[in-house]
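For chain A, the structure is supplied; the task is to place chain B on it using the hints.
Listed in order, the protein sequences are those of chains A and B.
To convert, take the position in the first sequence, counting from 1, and add 376; that gives the working numbering.
To convert, take the position in the second sequence, counting from 1, and add 284; that gives the working numbering.
What the hints contain is simulated information worked out from the structure, not anything from laboratory work.
Each hint should be verified, as a subset may be incorrect.
As the list claims (entries may be wrong) - Just so you have them, the derived chain A footprint on chain B, three or more residues with Cβ under 8 Å:
(1) 286–293
(2) 307–318
(3) 323–334
(4) 382–390
Note that this is a predicted model, so its numbers are computed, not measured.
Just so you know, even glycine gets a beta-carbon here, dropped at the ideal spot from N, CA and C.
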Amino acid sequence: DTAVSQTPKYLVTQMGNDKSIKCEQNLGHDTMYWYKQDSKKFLKIMFSYNNKELIINETVPNRFSPKSPDKAHLNLHINSLELGDSAVYFCASSQDAAGGSTDTQYFGPGTRLTVL
Amino acid sequence: KQEVTQIPAALSVPEGENLVLNCSFTDSAIYNLQWFRQDPGKGLTSLLLIQSSQREQTSGRLNASLDKSSGRSTLYIAASQPGDSATYLCAVKVVAQFYFGTGTSLTVIP
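The following block holds chain A by itself, in its conformation from the complex:
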């Protein structure tokens, strides 16, 4: 069974559209994350979500909004897509956010978003 799954794997859309990426983890983890990996392979955290507490990276535009219907899911909704949003988006989870050994993160396979 896949530990952290994302859908879709590829997403091609026009500028200005609204899209969502879904993430699910079956590890029973309390904390989930969204990362953006740009064309230079640089990985940057966007959000972390732990027991209904959302921690936002302040550099993320407010067009991006995470939504967590339950502990196993953290979806990413993007409004008014721009060319610069093209990247690979990774979801990850960890057992908790306390900073201990349970911080080990498990990553999904990524969603490659292309904005035309």
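Okay, now just chain B, sitting in the frame of chain A:
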């Protein structure tokens, strides 16, 4: 602001060679440091996690060390194999934020 740097950006070695990857960070107030590998078109796989109070961690042919005071970590890979070819990233945790390095692309030549 925390900055994480990895040197070299790319490395090519013959099979069987031992090698060291380097990671440096600017703020020593970290909770932990993790090493990941990323295969092309795939997600990241965690290799080792070192707590801020630890000096090293080992898993099979991998050994990671941490010198928090100098802001450095190394990942030692013994007896490299072609299957080790991947991009290796280090990441430090500061409060609730994770900061990743730019990675080292490793190629092990058969």
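For each hint, the structure was consulted:
Coverage of the region 286–293 of chain B by chain A is violated. Counting CB-CB distances below 8 Å, 0 residues qualify, and the rule asks for three or more. Here's how the region 307–318 of chain B fares: 3 of its residues keep a CB closer than 8 Å to some CB of chain A, so the rule of at least three is met and the hint holds. A count of 7 residues in the region 323–334 of chain B with a Cβ less than 8 Å from any Cβ of chain A is obtained; the coverage claim is therefore met, three being the minimum. For the region 382–390 of chain B, the assignment as covered by chain A holds, since 5 residues bring a beta-carbon within under 8 Å of that chain's beta-carbons and 3 suffice.
The structure shown violates just one earlier hint, number 1.
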